[in-house]
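Protein sequences appear in the order of chains B and Z.
Heads up, the final residue of the first sequence is numbered 467 in numbering that gives the first Met the number 0, and it's a clean run with no missing numbers.
Heads up, the final residue of the second sequence is numbered 467 in numbering that gives the first Met the number 0, and it's a clean run with no missing numbers.
Hints listed in this document are in silico derivations from the structure and should not be mistaken for laboratory results.
Everything numeric in this text was worked out from a predicted model, so none of it was measured.
Take the hints with a grain of salt, since some may be wrong.
Put simply, identical chains are the same to the list, so a pair is met inside one copy or across any two.
Claimed, not checked - Calculated pairs, SDA-like style, for lysine to any residue (alpha carbon to alpha carbon, straight line, at most 20 Å): (1) Lys268 x Ala100; (2) Lys293 x Gly187; (3) Lys126 x Arg106; (4) Lys126 x Glu105; (5) Lys62 x Lys102; (6) Lys23 x Glu295; (7) Lys102 x Leu266; (8) Lys293 x Thr186; (9) Lys309 x Leu424; (10) Lys308 x Thr385; (11) Lys7 x Leu185; (12) Lys126 x Ala443; (13) Lys37 x Glu184; (14) Lys126 x Ala213; (15) Lys62 x Asp390; (16) Lys62 x Glu429; (17) Lys126 x Gly107.
Number of protein chains: 2
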Amino acid sequence: MSDIAALKAALNGIRIEDNPAIVKQKSRDFFWYSPVLKRELDHVSGDLVVSPANEAEVIRVLKACYAAGVPVTPRGSGTGNYGQAMPLSGGVVLSLAEMNAVKAVERGRVVAEPGAVLAHIDRETRKSGQELRLHPSTYNTASLAGFVAGGSGGIGSINWGGLRDVGNVLRLKVVTMEEEPRVLELTGWDLHKVMHAYGTNGIVTEVEVPLDAAYDWVDVIVGFDDYLGAVRFANLIANQDGLLFKEIAAVAAPVPHDYFLRHQKFLNKTDSVVLLMVAPHAMDPFLALARREKAEIRFRSDTATEAEKKGLPPVFELTWNHTTLRGLRVDPTITYLQVLYPFPTHVESVARMTGIFGDEVPGHLEFIRFDGNVACTGLPIVRYTTDQRLDEIMTIHEDNGCPIFNPHRYTLEEGGMKRTDEVQLAFKREADPRGLLNPGKMVAWENPDFDWKSEKVFLFPGLRTAAE
Amino acid sequence: MSDIAALKAALNGIRIEDNPAIVKQKSRDFFWYSPVLKRELDHVSGDLVVSPANEAEVIRVLKACYAAGVPVTPRGSGTGNYGQAMPLSGGVVLSLAEMNAVKAVERGRVVAEPGAVLAHIDRETRKSGQELRLHPSTYNTASLAGFVAGGSGGIGSINWGGLRDVGNVLRLKVVTMEEEPRVLELTGWDLHKVMHAYGTNGIVTEVEVPLDAAYDWVDVIVGFDDYLGAVRFANLIANQDGLLFKEIAAVAAPVPHDYFLRHQKFLNKTDSVVLLMVAPHAMDPFLALARREKAEIRFRSDTATEAEKKGLPPVFELTWNHTTLRGLRVDPTITYLQVLYPFPTHVESVARMTGIFGDEVPGHLEFIRFDGNVACTGLPIVRYTTDQRLDEIMTIHEDNGCPIFNPHRYTLEEGGMKRTDEVQLAFKREADPRGLLNPGKMVAWENPDFDWKSEKVFLFPGLRTAAE
Numbered sequence: 000m001s002d003i004a005a006l007k008a009a010l011n012g013i014r015i016e017d018n019p020a021i022v023k024q025k026s027r028d029f030f031w032y033s034p035v036l037k038r039e040l041d042h043v044s045g046d047l048v049v050s051p052a053n054e055a056e057v058i059r060v061l062k063a064c065y066a067a068g069v070p071v072t073p074r075g076s077g078t079g080n081y082g083q084a085m086p087l088s089g090g091v092v093l094s095l096a097e098m099n100a101v102k103a104v105e106r107g108r109v110v111a112e113p114g115a116v117l118a119h120i121d122r123e124t125r126k127s128g129q130e131l132r133l134h135p136s137t138y139n140t141a142s143l144a145g146f147v148a149g150g151s152g153g154i155g156s157i158n159w160g161g162l163r164d165v166g167n168v169l170r171l172k173v174v175t176m177e178e179e180p181r182v183l184e185l186t187g188w189d190l191h192k193v194m195h196a197y198g199t200n201g202i203v204t205e206v207e208v209p210l211d212a213a214y215d216w217v218d219v220i221v222g223f224d225d226y227l228g229a230v231r232f233a234n235l236i237a238n239q240d241g242l243l244f245k246e247i248a249a250v251a252a253p254v255p256h257d258y259f260l261r262h263q264k265f266l267n268k269t270d271s272v273v274l275l276m277v278a279p280h281a282m283d284p285f286l287a288l289a290r291r292e293k294a295e296i297r298f299r300s301d302t303a304t305e306a307e308k309k310g311l312p313p314v315f316e317l318t319w320n321h322t323t324l325r326g327l328r329v330d331p332t333i334t335y336l337q338v339l340y341p342f343p344t345h346v347e348s349v350a351r352m353t354g355i356f357g358d359e360v361p362g363h364l365e366f367i368r369f370d371g372n373v374a375c376t377g378l379p380i381v382r383y384t385t386d387q388r389l390d391e392i393m394t395i396h397e398d399n400g401c402p403i404f405n406p407h408r409y410t411l412e413e414g415g416m417k418r419t420d421e422v423q424l425a426f427k428r429e430a431d432p433r434g435l436l437n438p439g440k441m442v443a444w445e446n447p448d449f450d451w452k453s454e455k456v457f458l459f460p461g462l463r464t465a466a467e
Numbered sequence: 000m001s002d003i004a005a006l007k008a009a010l011n012g013i014r015i016e017d018n019p020a021i022v023k024q025k026s027r028d029f030f031w032y033s034p035v036l037k038r039e040l041d042h043v044s045g046d047l048v049v050s051p052a053n054e055a056e057v058i059r060v061l062k063a064c065y066a067a068g069v070p071v072t073p074r075g076s077g078t079g080n081y082g083q084a085m086p087l088s089g090g091v092v093l094s095l096a097e098m099n100a101v102k103a104v105e106r107g108r109v110v111a112e113p114g115a116v117l118a119h120i121d122r123e124t125r126k127s128g129q130e131l132r133l134h135p136s137t138y139n140t141a142s143l144a145g146f147v148a149g150g151s152g153g154i155g156s157i158n159w160g161g162l163r164d165v166g167n168v169l170r171l172k173v174v175t176m177e178e179e180p181r182v183l184e185l186t187g188w189d190l191h192k193v194m195h196a197y198g199t200n201g202i203v204t205e206v207e208v209p210l211d212a213a214y215d216w217v218d219v220i221v222g223f224d225d226y227l228g229a230v231r232f233a234n235l236i237a238n239q240d241g242l243l244f245k246e247i248a249a250v251a252a253p254v255p256h257d258y259f260l261r262h263q264k265f266l267n268k269t270d271s272v273v274l275l276m277v278a279p280h281a282m283d284p285f286l287a288l289a290r291r292e293k294a295e296i297r298f299r300s301d302t303a304t305e306a307e308k309k310g311l312p313p314v315f316e317l318t319w320n321h322t323t324l325r326g327l328r329v330d331p332t333i334t335y336l337q338v339l340y341p342f343p344t345h346v347e348s349v350a351r352m353t354g355i356f357g358d359e360v361p362g363h364l365e366f367i368r369f370d371g372n373v374a375c376t377g378l379p380i381v382r383y384t385t386d387q388r389l390d391e392i393m394t395i396h397e398d399n400g401c402p403i404f405n406p407h408r409y410t411l412e413e414g415g416m417k418r419t420d421e422v423q424l425a426f427k428r429e430a431d432p433r434g435l436l437n438p439g440k441m442v443a444w445e446n447p448d449f450d451w452k453s454e455k456v457f458l459f460p461g462l463r464t465a466a467e
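Could you build the full structure based on these sequences and the hints that come with them?
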């Protein structure tokens, strides 16, 4: 701890928090969605939280920590689900929440500091009739750089694909962790060096992303007697080129009635639903299509009374990771998966998985654009029993051509594409030569010989020590 | 002609033109793109042009013409290519050009009169940062109702599909041609009663269409050594979900150099090109992608000097039907086709057709969204020799799975889906019981027993008499 004491002295003038209870709280994210991660990461805590007010202070922190050999794990709002922001080796939790200015709004783009909360950015951009293309369901709390460094897509992905798609992030400013930290501006392909790298190879200090036309989206819930009816309707409307949605999800019964408690009064117990954000000027044609398909509207925010809407969360807070969150509040024993159902067989794949698992894995689909086509990614609820069965469920999905992005692993590779990202690894060698940034999250760095084909779970050595 | 004289008296106070030279000029459109239509329709003329100033005058004209049994053929700006607006049986040419007000601009939508020119509408909507989703290459002259009644899509279809797609037209006001004309408001599926019906079953007096975010689109021309390289690049970028384009076309050598005379200075003789309108905030990521693909930028309007840009038309005036127009100005013996290359085999289909026809049919593709996927429609140049060879070229396309929308026919069915549109036919029975609206354009009305499988060309009897 003498390292830490010396470090605190070196950071004189920068906001620091070392109350252990608060530090532990600020060392956590939503890892506890996973029973596996809950066991593995529950004890994790940093040694102190440092909250720089500007880029110059970020540079001072990184320089001092580099000199002291103290790990630094960056953090936005801590809304991730993979333990992205958890300091496995202790050290400094670098909170970027204070760096939250919206610096410039131009036609088609916004520049903001890393800790700017997405809803706050939109409030600024809406003054010019614009809003973010993409946001997670944690829109009201998540930070911009946290989304870029730890997220993949979300609301808006039905129009724009994922964050990884070229054009969805325009520019990042990144500070390296070297003896003399450098400030780099990344654009084009260089963005992939640090996007979705969990802050393992640089600290983001400025983000530029594109904007889209802002609308007062209408929340709509459509009810169906069977899940596949909901899925087919969602797929039908997602492929209507002239209709504008910001969000299209399908959720299987009994999840909507049992877990969406604020909306329960609108739902039947047997309802599978399609959850939508519809552009106001698309409502008339959408309703014409819904009538033709005999789809029943359970809720629409544009005609609901104030009394009906009182206390209701927005529909996007029923989607993506919020679906699971609402489930966990009712039944803490459940967990979830992340699945890709690739185009063009996505609907058939969903039907097959639904047939195999039934109510053990109630379906939840998010319709997205993926390489130019409409496909769906799934975040099905899992009625968890054992780790072994959870693994089995994932294996069956993969054996049926539905890749899993394992949300029960905290490393980039295990939760992601299951292979080394050579671009990110090379940039880490350059930008974090001592390996102090968010240690334990990039397997390729920690354990270059790790065998992806083996079933053994990667446990960061430092963490294993701490956990023992 | 006594009918016409009586009619003129009945229309006292409404603007009328009966100078035969002017009436003939106002009876024409761009039918002469087709050597076939040029022979068949060149003599066509109405008897007088009537230009109502408002809906009340439209009602007076239709009531009077109904009583007199005089045909009425509506006309916007006369920019069609299929003879849509040509009065095959003479009578009244109903010019809606004077009804050109932009009545309301709201968030996501605009309401305008039928004769409002698209570029004029955009000038009004741009005040709120919005623009039309879709427009033809005749943006600077075409009218809104003419586009809706006689067009199918165009610039913007890469994002929104075609006019036929639900959501791309929100509402139409239509006046019927009955003893007592009615004013109907059509929304939802009812819109299909009169959309792309050439004004055969109602006169449009008001149009409501959706808007999109307006940008100062950057014109870009990318050069390639071979056409299929251009096609593959166009297809690659069209499938990038995070990049925003308003227009993506591919044109085979030697068309760009030989026909795009104002842009010739930027082009090599051997260049096949991709023509683009790129959102300003998509330029950086687009250029990163272009560099990766070793695509050579021949022209970009955002960095061109004023001297370079002097006299240049916008890139969209090199696309869609303007490609053919520029060709016809250089070589009046050429003509063109309209082809669909369906997803997912569109690129292979283009390669096959290019292999079969070579320079007899230089390629021209427009990338569009079609039923949720990226496909392309083609308007290839045809080095015309005989009608027989032209038919043969079309047959070979259809035999290879590339449907033709024959631009050498003036009827709705022959130029369109080659089958009776029962909805439009039923609405014509209701809205035009005497068959006086744009006679000769709807085969199902004129000749219900016409055999679509036969190769015989439908010639409207009234026209045949006139032509003999």
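Status of the hints after comparison with the structure:
1. Lys268 x Ala100: Neither: 45 Å inside a chain and 52 Å across chains, both beyond 20 Å.
2. Lys293 x Gly187: between (46 Å within a copy, 15 Å between copies)
3. Lys126 x Arg106: both (11 Å within a copy, 13 Å between copies)
4. Lys126 x Glu105: Cα proximity of lysine 126 and glutamate 105: in one copy and across copies (11 Å, 16 Å).
5. Lys62 x Lys102: neither (25 Å within a copy, 62 Å between copies)
6. Lys23 x Glu295: Intra 47 Å, inter 54 Å, cutoff 20 Å: neither.
7. Lys102 x Leu266: neither (43 Å within a copy, 41 Å between copies)
8. Lys293 x Thr186: Classified as between: cross-chain Cα gap 18 Å, same-chain 47 Å, threshold 20 Å.
9. Lys309 x Leu424: Neither: 49 Å inside a copy, 49 Å across copies.
10. Lys308 x Thr385: For lysine 308 and threonine 385, the Cα distance exceeds 20 Å both inside one copy (39 Å) and across copies (68 Å).
11. Lys7 x Leu185: For lysine 7 and leucine 185, the Cα distance exceeds 20 Å both inside one copy (31 Å) and across copies (71 Å).
12. Lys126 x Ala443: Neither, since 44 Å and 52 Å both go past 20 Å.
13. Lys37 x Glu184: neither (36 Å within a copy, 59 Å between copies)
14. Lys126 x Ala213: Intra 10 Å, inter 16 Å, cutoff 20 Å: intra and inter.
15. Lys62 x Asp390: Result: close neither inside a copy nor across copies, 42 Å intra and 75 Å inter.
16. Lys62 x Glu429: within (15 Å within a copy, 80 Å between copies)
17. Lys126 x Gly107: both (13 Å within a copy, 16 Å between copies)
Violated hints, listed in ascending order, are 1, 5, 6, 7, 9, 10, 11, 12, 13 and 15; each of the other numbered hints is respected by the structure.
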